[in-house]
Amino acid sequence: MSGTPSDVERIKAGSRHLRGTLERSLEDRLTGAIAEDDAQLSKFHGIYQQDDRDVRSERRRQRLEPAYSFMIRARVPGGVCTPGQWLAMDELARTHANGTLRLTTRQAFQFHGVIKTRLRATIRGINECLLDTLAACGDVNRNVMAGVNPWRSVLHARVAELAREVSAHLTPATGAYHEIWLDGEKLESDRDESGRDESDRDEQEPIYGTTYLPRKFKMGLVVPPENDIDVYSQDLGFIAIEEEGELAGFNVVVGGGMGASHGEPDTWPRLGDVIGYCRPEQVIAVSEAVVTTQRDFGDRTNRKHARLKYTIEDRGVDWFRGEVERRAGLELAPARPFRFTTTGDRYGWVEGDDGLWHRTLFIENGRIADREPVSLLTALREVAALGRGRFILTPNQNVTLSGLDDGDRDRVSDILRRHGVDGAGSPSAMRSHSLACVGLPTCALAMAESERYLPDLVGRLEERLAAHGLEGEPIVIRMTGCPNGCARPYLAEIGLVGKAPGRYNLYLGAGFSGDRLNRLHRENIDEETILAELDGLFARYAAERDGAERFGDFLVRAGVIRAVTSGPDFRADEGKVA
Amino acid sequence: MTGVAADRIEPPLTDERRERLQAAVADLSETQLTWASGYLAGLAAAGREVNPAAAPSAGAGADARQRLTVLYGSQTGNGRRIAEAVQAEAAARGLASRAVSMADYRPAELRRETLLAVVVSTHGEGDPPDDAEMLYEYLCGPKAPKLGSLHYSVLALGDSSYAEFCRTGRDFDERLAALGASRYGERVDCDVDYEDPAARWTDAVLDAARERLDEPAPRLHAVPSEPPPAAAGPVMAELVANQRITGRDSDKRVHHVEFAVEGLAYEPGDSVALVTRNPSAVVEAVLEAAGLDGASTLGDGRTLADALSADFEITKASAGFLERYAGAGGAGALAELLADGHRKELAAYLADRQVIDVLHDHPAELSADELVACLRGFKPRLYSIASSPLANPDEVHLTVAAVEYDAWGRRHYGSASTALAALEIGATLEARIEPNPRFRLPADASAPVIMIGPGTGVAPFRAFLEHREAGGADGRNWLFFGDRRFASDFLYQIEWARFRKRGVLDRMDVAFSRDQAEKVYVQHRLREHARDLYAWLEEGAHLYVCGDAVRMAPDVHAALIDVVAEAGGRSPEQAGEYLKQLRRAGRYQRDVY
Chain Z
265 MSGTPSDVER IKAGSRHLRG TLERSLEDRL TGAIAEDDAQ LSKFHGIYQQ DDRDVRSERR
325 RQRLEPAYSF MIRARVPGGV CTPGQWLAMD ELARTHANGT LRLTTRQAFQ FHGVIKTRLR
385 ATIRGINECL LDTLAACGDV NRNVMAGVNP WRSVLHARVA ELAREVSAHL TPATGAYHEI
445 WLDGEKLESD RDESGRDESD RDEQEPIYGT TYLPRKFKMG LVVPPENDID VYSQDLGFIA
505 IEEEGELAGF NVVVGGGMGA SHGEPDTWPR LGDVIGYCRP EQVIAVSEAV VTTQRDFGDR
565 TNRKHARLKY TIEDRGVDWF RGEVERRAGL ELAPARPFRF TTTGDRYGWV EGDDGLWHRT
625 LFIENGRIAD REPVSLLTAL REVAALGRGR FILTPNQNVT LSGLDDGDRD RVSDILRRHG
685 VDGAGSPSAM RSHSLACVGL PTCALAMAES ERYLPDLVGR LEERLAAHGL EGEPIVIRMT
745 GCPNGCARPY LAEIGLVGKA PGRYNLYLGA GFSGDRLNRL HRENIDEETI LAELDGLFAR
805 YAAERDGAER FGDFLVRAGV IRAVTSGPDF RADEGKVA
Chain P
0 MTGVAADRIE PPLTDERRER LQAAVADLSE TQLTWASGYL AGLAAAGREV NPAAAPSAGA
60 GADARQRLTV LYGSQTGNGR RIAEAVQAEA AARGLASRAV SMADYRPAEL RRETLLAVVV
120 STHGEGDPPD DAEMLYEYLC GPKAPKLGSL HYSVLALGDS SYAEFCRTGR DFDERLAALG
180 ASRYGERVDC DVDYEDPAAR WTDAVLDAAR ERLDEPAPRL HAVPSEPPPA AAGPVMAELV
240 ANQRITGRDS DKRVHHVEFA VEGLAYEPGD SVALVTRNPS AVVEAVLEAA GLDGASTLGD
300 GRTLADALSA DFEITKASAG FLERYAGAGG AGALAELLAD GHRKELAAYL ADRQVIDVLH
360 DHPAELSADE LVACLRGFKP RLYSIASSPL ANPDEVHLTV AAVEYDAWGR RHYGSASTAL
420 AALEIGATLE ARIEPNPRFR LPADASAPVI MIGPGTGVAP FRAFLEHREA GGADGRNWLF
480 FGDRRFASDF LYQIEWARFR KRGVLDRMDV AFSRDQAEKV YVQHRLREHA RDLYAWLEEG
540 AHLYVCGDAV RMAPDVHAAL IDVVAEAGGR SPEQAGEYLK QLRRAGRYQR DVY
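Chains Z and P, in that order, give the protein sequences. Heads up: the first sequence is residues 265 to 842, going by this note's numbering. Heads up: the second sequence is residues 0 to 592, going by this note's numbering.
Hints listed in this document are in silico derivations from the structure and should not be mistaken for laboratory results. Fair warning: there could be bad hints in the mix.
[As the list claims (entries may be wrong)] Dumping the calculated SDA-like pairs for lysine to any residue here, alpha-carbon to alpha-carbon at most 25 angstroms: (1) 568(Z) with 123(P); (2) 568(Z) with 537(P); (3) 568(Z) with 159(P); (4) 251(P) with 320(Z); (5) 500(P) with 480(Z); (6) 142(P) with 322(Z); (7) 480(Z) with 565(Z).
[Said to hold, decoys possible] Derived Cβ-Cβ restraints for the label pairs, each shown as a range: (8) 677(Z) with 409(P): 50 to 58 angstroms; (9) 268(Z) with 159(P): 24 to 32 angstroms; (10) 826(Z) with 192(P): 54 to 62 angstroms; (11) 268(Z) with 97(P): 54 to 62 angstroms; (12) 192(P) with 677(Z): 24 to 32 angstroms; (13) 635(Z) with 192(P): 44 to 52 angstroms.
[Claimed, not checked] Here are a few chain P residues that sit away from chain Z, every Cβ distance over 12 angstroms (derived from the structure): (14) 23; (15) 181; (16) 231; (17) 243; (18) 246; (19) 272; (20) 364; (21) 407; (22) 446; (23) 495; (24) 501; (25) 507; (26) 524; (27) 548; (28) 550; (29) 568.
Note that the Cβ used here is the ideal one computed from N, Cα and C, for glycine as well.
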């Protein structure tokens with residue numbers, strides 16, 4: 265790629281393997297923020313600088329700087345953590361963050377509202393329980409996702425283990441993380457004669473080099489028929505192929521991604537392409553080859569054109585497959601057949617192959633808090649205190665309490681009842697298929713409400729659905745406060761993407777199992793228009809649907825929406841939209 | 000420059016005097032020279048002693064250098080890029096220019112601009128971007144100046160998929176015109192594809208700049224023959240801004256208030272006396288406690304309520320008031336408190352009691368005339384001025400902590416502070432300057448300055464820094480500030496950050512007492528930096544302390560003794576003597592109350 269490298273490239277290159285001036289920034293008592301360049305580097309350490317946007321304008325008038333705080337994301341490869349780890353997260357949320365835990369759409373934990381002077385203590389606490397935040401954000405491979413179906417225990421255990429192995433293999437090697445957050449001490453030998461900091465002198469980043477990747481990189485492994493990780497939205501995905509109850513290998517999917525920008529036709533979400541099949545022991549080699557190909561060929565001049573999806577769209581899938589095979593020293597076999605049926609989670613108690621019980625709890629937008637009348641945070645803390653089984657963070661921002669025997673099951677049920685988690689009635693079909701990103705007030709990118717608003721909107725849509733007899737119909741609805749796609753809105757049958765306060769773009773017609781993108785239907789509309797538009801479509805769906813036909817499929821068949829066939833095609837009709 | 004000016008004017012001076020004058024001004028910057036010209040004219044007109052306070056402010060006599068200012072405000076950085084490109088092009092053509100973010104721009108500078116280019120985007124549903132908000136409000140607000148000599152053009156960035164396309168750019172354009180400025184080029188509205196229209200607009204800006212800036216740069220302007228009379232007042236001051244500056248979670252209501260004043264001369268370090276009225280809540284509480292009707296008339300014909308709000312001290316309880324009240328009402332318990340030998344008890348009683356508490360504790364049936372006869376006359380309150388006349392000509396800024404507390408089962412208010420915090424834009428008060436010649440910046444502009452001002456004690460140091468910057472003083476500045484909480488009580492936080500960014504504030508150390516288990520105050524920070532502090536003092540630094548006299552000032556003094564003792568290798572007695580010497584030399588000055 266020719267052209268001037270983006271500003272973030274300059275920052276990475278000059279950062280001495282992600283050190284920057286972070287330590288000096290932490291010591292500056294005049295501001296709750298870190299230096300501008302450090303705010304880019306901190307992401308690689310799992311830390312996003314944010315501010316409370318609800319008070320931003322008020323504070324400017326008050327001649328106070330924005331109310332800065334930090335979001336910290338802890339990686340949990342495959343989403344599996346122990347009760348002890350859960351207890352540690354719970355305690356950190358209550359002592360250093362805003363008293364809530366947020367489960368992300370990528371099976372990670374998020375803490376919000378951590379002020380600068382509490383950053384080190386929080387990161388240390390996370391590392392003490394053997395989780396970490398390194399590479400949870402930034403231009404690197406982020407938390408590795410894995411499909412959640414522990415009731416098929418052998419297969420699940422193997423896939424979860426692979427997620428951990430790939431994650432470890434692709435974790436940056438820099439010592440900056442330990443130095444800044446954990447040890448806090450540099451060795452005297454790290455200073456050269458003039459006192460210059462040379463602590464990265466002998467450091468190697470064998471996979472990433474000094475400038476890391478051109479942009480973020482997301483990957484995950486999935487076990488059909490559930491497509492809970494939305495494998496087509498990943499830069500790199502592995503679809504488990506099962507033969508005779510055993511894990512035979514994986515189909516390899518590359519080049520998916522959600523992010524787009526309003527009003528920029530050259531940016532679009534894209535579904536990944538299946539480029540072949542590999543054996544389980546080849547997963548690491550293939551992953552590294554995909555990552556290094558993107559490292560060397562991704563666009564470093566334009567961050568809005570830097571994801572793997574653009575590299576592949578620009579150079580072609582065949583070129584990419586060849587490059588990966590050459591680097592990995594193997595040949596991908598032809599893809600094997602598989603079938604997805606859903607992207608959602610299975611709620612309630614499920615008995616596994618091994619006779620153990622698993623319970624998936626619906627957690628609205630992944631927010632775990634004590635809010636009258638439901639004390640979710642406390643309930644899960646008490647479950648964790650039993651010390652039994654595992655907690656699995658699902659890609660739908662839910663949690664599965666896994667590996668419990670009959671006695672555990674009774675105790676857990678009792679705790680959930682006592683704290684109001686069970687007994688309030690189960691969420692509607694639409695609500696249990698809803699996702700929202702964090703949005704306002706902390707996310708710097710948000711243009712409109714998301715997490716704070718979607719629950720109300722779904723309530724209003726439930727009334728309309730009921731009026732048409734559709735209340736039991738699962739319809740996937742997702743909302744984000746900006747077009748960058750954290751809640752994978754372009755794979756929702758109803759996607760709402762924030763444009764301005766109270767205004768959203770309405771996208772329709774994605775496939776229920778995550779295999780087709782939606783398309784822009786109405787632009788920049790308010791709640792009244794959203795409800796009126798969807799009410800009309802619900803009426804038609806109720807009257808004209810073909811058997812068990814899904815809402816997204818119906819809209820395509822009925823000609824309301826033309827099916828999206830590729831990334832660039834996502835934009836094709838936009839000029840005509842009202 | 001000096002030579003040119005001297006040659007043009009037929010000098011009524013002897014050669015020797017002329018040389019002395021030239022030597023005296025040889026090092027001055029252009030701004031300083033211009034200021035000095037007005038200063039001398041002021042002296043001539045007033046026929047006074049040499050007193051800098053008599054000089055007209057820089058804003059009256061000074062004119063900004065002729066240059067193009069490109070102001071930008073945008074959420075994405077497109078605005079910044081365009082503005083910087085314009086600036087770079089102008090610089091390449093040898094035209095004086097600068098590109099400034101609206102966030103970093105002091106709105107008051109606008110009245111000194113002559114050639115302006117504005118690049119601004121529209122955000123959300125027609126709102127200005129964050130950066131532009133303050134300037135936008137300034138232009139639309141009551142402080143907006145007349146801009147008759149300003150020429151400008153606006154580039155509006157926007158997205159036509161929004162209803163209020165380019166609204167903010169339109170608003171800037173219309174508002175500037177309404178203030179009397181004239182367009183040298185029509186506004187250009189850009190959609191998402193902004194590059195081509197932005198390039199066309201840039202060309203127009205550069206053409207205008209070439210045309211207007213090619214004229215020879217103005218030299219010394221003719222000095223005003225009759226500078227406005229500058230005096231200590233009283234004058235009527237009009238409130239032009241009143242903003243709470245503690246965050247919503249603060250226990251305290253601290254306000255930044257700005258008054259427009261004409262012809263009021265002052266220096267940083269001075270205070271202003273403001274004639275306020277007692278808040279109606281206090282008047283009503285007094286009437287209720289005294290069992291009197293506010294509408295009842297006094298011997299001189301006024302109503303009691305009027306007299307209480309304007310003429311009498313009805314918040315602070317004094318010993319004199321107690322004596323008169325005891326005499327008038329014959330309250331027995333009070334007589335005991337006032338008896339000889341009970342000074343301590345009396346002081347303790349008065350410490351946090353107001354007039355209403357006395358009326359409640361010792362009820363006496365007095366007539367309206369009897370009550371006011373007990374009260375002291377109202378005295379205007381003094382506030383340290385938080386602004387520099389160089390940086391804010393014809394304005395006085397104050398930092399006011401509204402006194403409010405619950406005690407003895409009642410709500411208590413301060414008189415002037417409560418009134419000021421509640422004052423509305425446009426209200427006028429009588430104001431006069433209370434000079435404070437013992438709290439002055441060093442005459443030597445290159446001397447370092449150390450300022451210690453926790454809480455509202457920081458007010459004069461805002462004035463000091465503004466003054467040092469505007470006057471081009473090159474001495475280093477070090478500020479110590481403290482309050483309760485970083486998040487909500489960091490008074491003027493943004494301004495200190497800007498002073499630091501501009502290199503005016505060399506060091507700043509802060510202490511927030513309630514952000515951790517153990518209380519930390521400014522004196523702790525002084526001890527932490529003993530070595531550097533002592534080094535600054537040894538290099539001739541001037542030391543200033545402002546704020547609470549009862550606890551802070553003695554604690555700070557004790558810490559300074561420790562600093563000098565430890566870092567200077569002295570005994571505590573010698574360290575105390577060292578500080579005394581500083582005080583005698585005028586290098587340790589305090590404004591404590």
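**Study point:** Assertion that residue 23(P) lies outside the chain Z interface [Cβ separation over 12 angstroms]
**Key:** Holds, because the least Cβ-Cβ distance between residue 23(P) and chain Z comes to about 38 angstroms, which exceeds 12 angstroms.
Exercise for review: Determine whether the non-interface label on residue 364(P) survives the test: each CB of chain Z must be over 12 angstroms from its CB.
Suggested key: About 47 angstroms separates residue 364(P) from the closest Cβ of chain Z, which puts it past 12 angstroms; holds.
**Study point:** residue 407(P) non-interfacial with respect to chain Z [C-beta, more than 12 angstroms]
**Key:** About 32 angstroms separates residue 407(P) from the closest Cβ of chain Z, which puts it past 12 angstroms; holds.
Check your understanding: Checking the smallest CB distance to chain Z, is residue 568(P) really beyond 12 angstroms?
Key -> Fine: 27 angstroms to the nearest Cβ keeps residue 568(P) off the interface.
Check your understanding: Can we trust that residue 548(P) is non-interface, i.e. its beta-carbon lies farther than 12 angstroms from all of chain Z?
Key -> 26 angstroms, holds
Check your understanding: Does residue 568(Z) pair with residue 537(P) here, judged by a C-alpha cut-off of 25 angstroms?
Key -> 55 angstroms, violated
Review point. Taking 24 to 32 angstroms as the hint, is the beta-carbon distance of residue 192(P) and residue 677(Z) inside that range?
Key: At 59 angstroms between Cβs, range violated.
Exercise for review: Given the hint that residue 568(Z) pairs with residue 123(P), test it: the Cα-Cα distance must not exceed 25 angstroms.
Suggested key: Within the cut-off at roughly 21 angstroms; holds.
Review point. Does the Cβ distance between residue 826(Z) and residue 192(P) fall inside 54 to 62 angstroms?
Key: 26 angstroms, violated
Exercise for review: Determine whether the non-interface label on residue 495(P) survives the test: each CB of chain Z must be over 12 angstroms from its CB.
Suggested key: 7 angstroms, violated
Check your understanding: Does the hinted range 54 to 62 angstroms hold for residue 268(Z) and residue 97(P) at CB?
Key -> 24 angstroms, violated
Exercise for review: Run the C-beta distances from residue 507(P) to all of chain Z and say if the shortest one exceeds 12 angstroms.
Suggested key: 6 angstroms, violated
When each numbered hint is compared with the structure, violations occur for hints 2, 5, 10, 11, 12, 17, 18, 23, 25 and 26.
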